[in-house]
Amino acid sequence: MAIAEQRTSPQAAQGSGEGNWHGIVLQTLKRNEISLIPYVPDRVLTPLIKNLHADPFFTTFATAREEEAVGIVSGAWMGGRRGAVLMQTSGFATLANVLASLAVPYQIPLIMFVSERGTLGEFNYGQSLVCRTMRPVLDSLALEHHTITRLDELEFITDRSIKQAVTTQAPVALILNPLLTGGKVFDK
Amino acid sequence: MNTRNTKVMNRFDVTSRLIAKLKHEEAVIGGIGNSNFDLWAAGHRPQNFYMLGSMGLAFPIALGVALAQPGRRVFALEGDGSLLMQLGALSTIAALKPKNLTMIVMDNGVYQITGAQPTPAAGIADIVAIAIGSGLANSAWAADEEDFERLVDEAMATTEPGLIAVRIDDKPGVGTTRRDPVQIRERFMHGLGVREPL
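Going down the list, the sequences are from chains B and X.
So that you can map any letter, position 34 of the first sequence is 34 in my numbering, and since no number is skipped, the others follow by simple counting.
So that you can map any letter, position 6 of the second sequence is 6 in my numbering, and since no number is skipped, the others follow by simple counting.
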């Protein structure tokens, strides 16, 4: 059997066009003065990460773990600089402790973008299982979260959620569904 | 310098020596447990932040503060057990090269607060060697209290991130931080000039 490759589907168009999901996310971050972007990479997020790196407005860098990224943007917020963390579903699953012991009790407007794996064509059983833990964890802490499936709703949800997080000093998770991004599909 | 040649110091004493040197509203992040208890006991400052959870994140939080306020010097106090949870953060900091961040590791080789069980690294791993291997060339063991103060003085003037490791005894923290996370965060933001009180 040939070595299986994992590719993003055609819907996840590359390029920096502002009509793309990742172009909208980038512009909305910029408009809300969110300039510090630590991330743990994900295939689907690649065009967003690439364009963030290319834009000098943003300080974009990889961290070794997602909770490390949460610590960094929490410190930055307290120092007066806004940030957001990019991750994959499985990375979110490592965050329960830092959400419950830092972001929520200290009232930090932690902005999380989660590329959703584990649904709508997942090929890795473990990913589909860990995905099922995400919303129960968010709900157990009564955290605001939205699953974004439509391009025409992306800017509204993202912009309003960022503003709400900042003004109410509460975390928010924006879950980027495969219906929006194309997701990751198994190709032979 | 090898850890075995260093004097065993005391966390509260070393923390107090650091605080006594801060004259320019430097930020100090106190890691979970005894690290922030002794920071609290050394005398509250508006620029102190005390961690009541999120073990291992003192250096990442300090990095965020340092990136947000490049004109302010930032110190972070972390235990060896906490640092072991987040060794990758050392490489992240080495890669970003903040000019204003100094990390201090209080190494007693035990999880003092949970019953003084030895860490997996106790007597095995060298924290300064790990830091240097992670890309933080400006890392050193403090030989004694005087050497610690000298290293802090150097850190005040340096333009690269640095790490100071201190071998400490197994005494518990001297004080106990008031466990009021919202007030801790809010007052820290006032201390950093980000917000005004109501």
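It cannot be assumed that every hint is accurate.
Chain B is faced by these chain X residues, among others (derived, beta-carbon under 10 Å) [unchecked claim]:
| # | residue |
| --- | --- |
| 1 | ARG17 |
| 2 | MET51 |
| 3 | THR92 |
| 4 | PRO197 |
| 5 | LEU198 |
I should point out that these hints are in silico values taken from the structure, not numbers from a laboratory.
No residue lacks a Cβ here, since even glycine has one placed at the ideal position from N, Cα and C.
Going back to the hint list, which numbers does this structure go against?
Of the numbered hints given earlier, those the structure breaks are 1, 4 and 5, listed in rising order.
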